[in-house]
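In order, the protein sequences belong to chains A and B. Per this note's numbering, the first sequence starts with residue 1, numbered consecutively. Per this note's numbering, the second sequence starts with residue 1, numbered consecutively.
These are computed hints drawn from the structure, not numbers from a lab. A quick note: this is a predicted structure, and the numbers were derived from the prediction, not measured. Treat each hint with caution, since some may be false.
[What the hints assert, rightly or not] With the C-beta cut set under 10 angstroms, the calculated list includes, among others, these residues of chain A facing chain B:
id: 1; residue: Phe124
id: 2; residue: Arg148
id: 3; residue: Asp150
For each residue, glycine too, the CB sits at the ideal point set by N, CA and C.
2 protein chains.
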Amino acid sequence: MEALIQLGMVSDDPSENQDLGGARTHGAGSHITVQKDYFVEKDGEKFAGTHLLVDLWGARNLTDPEHIDSALREAALAAGATILHSHFHHFEPNGGVSGVVVLAESHISIHTWPERDFAAVDIFMCGACDPYRSLPLLKAAFRPASVRLDEQRRGRLS
Amino acid sequence: MEALIQLGMVSDDPSENQDLGGARTHGAGSHITVQKDYFVEKDGEKFAGTHLLVDLWGARNLTDPEHIDSALREAALAAGATILHSHFHHFEPNGGVSGVVVLAESHISIHTWPERDFAAVDIFMCGACDPYRSLPLLKAAFRPASVRLDEQRRGRLS
Chain A
1 MEALIQLGMV SDDPSENQDL GGARTHGAGS HITVQKDYFV EKDGEKFAGT HLLVDLWGAR
61 NLTDPEHIDS ALREAALAAG ATILHSHFHH FEPNGGVSGV VVLAESHISI HTWPERDFAA
121 VDIFMCGACD PYRSLPLLKA AFRPASVRLD EQRRGRLS
Chain B
1 MEALIQLGMV SDDPSENQDL GGARTHGAGS HITVQKDYFV EKDGEKFAGT HLLVDLWGAR
61 NLTDPEHIDS ALREAALAAG ATILHSHFHH FEPNGGVSGV VVLAESHISI HTWPERDFAA
121 VDIFMCGACD PYRSLPLLKA AFRPASVRLD EQRRGRLS
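Just chain A, same shape as in the assembly (with noise of 0.2 angstroms):
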């Protein structure tokens, strides 16, 4: 237990990818008190967020934490986002990961099965940022032979 917890990986440094104006922080400096909508709206549908759950299969580079941290702070940039937290576990024997991106904005997690050359990857995204920009990202860093996508609206409005 105290190895694992050696393990994890923490960092609480924001990225500058932009200001907050995008997130859920918008306008804690004014005066005037607007009620804001945070869901958004496509397609003709409002939803709070956009959530991919990604399969990856035949991937690669699955039980490095820092090279795994390093994918989705990337794909999380890529994608417009503000990351807010980062935390990794690496688990033994196996090697697996597990571990998460909190942004301003939703999230980011990966759980990885080296034995089966098996990650499962989502990114849950709200306001403008677009999570299929992260993508092209997660695929340069785990290279996957195949890849198994599901997009879900969460929270859409009847």
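Got chain A; can you put chain B on it based on the hints?
Positioned in the frame of chain A, the structure of chain B alone reads:
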């Protein structure tokens, strides 16, 4: 931005729910190398883990990061999971909270939109954990008027 960081809550106190025998750390003390298969088998299917996407509508208590941290921890323990790390951010001016509990068996995340009485929760668990046992705890903590639940089996072998 500084205020945001100050509002971030991080904790690294692993729960005492159980030892890590059921999770991916199993076997670290053995001298015999056995290729353990960390995928699960259920209803004739083999897959990496069960991922519940839980949209809570008409929900309460969505602005207090300490309450939410506590609720997600209790939900994780109820499922039989081992907590490794948690992190929550409190957003201004809408009071929304984003956060995650990283588990030895994957994660629980939450993002709240208090202005809509809405929260998006994800419960992703591998191993012997039962994510459905988290649901009553979430309902008790957030008292949603309605719940939209979707189950995804991640890493399903075809």
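Evaluated hints:
1. Phe124: 7 angstroms, holds
2. Arg148: With a minimum Cβ separation of about 8 angstroms from chain B (threshold 10 angstroms), the hint on A/Arg148 holds.
3. Asp150: 7 angstroms, holds
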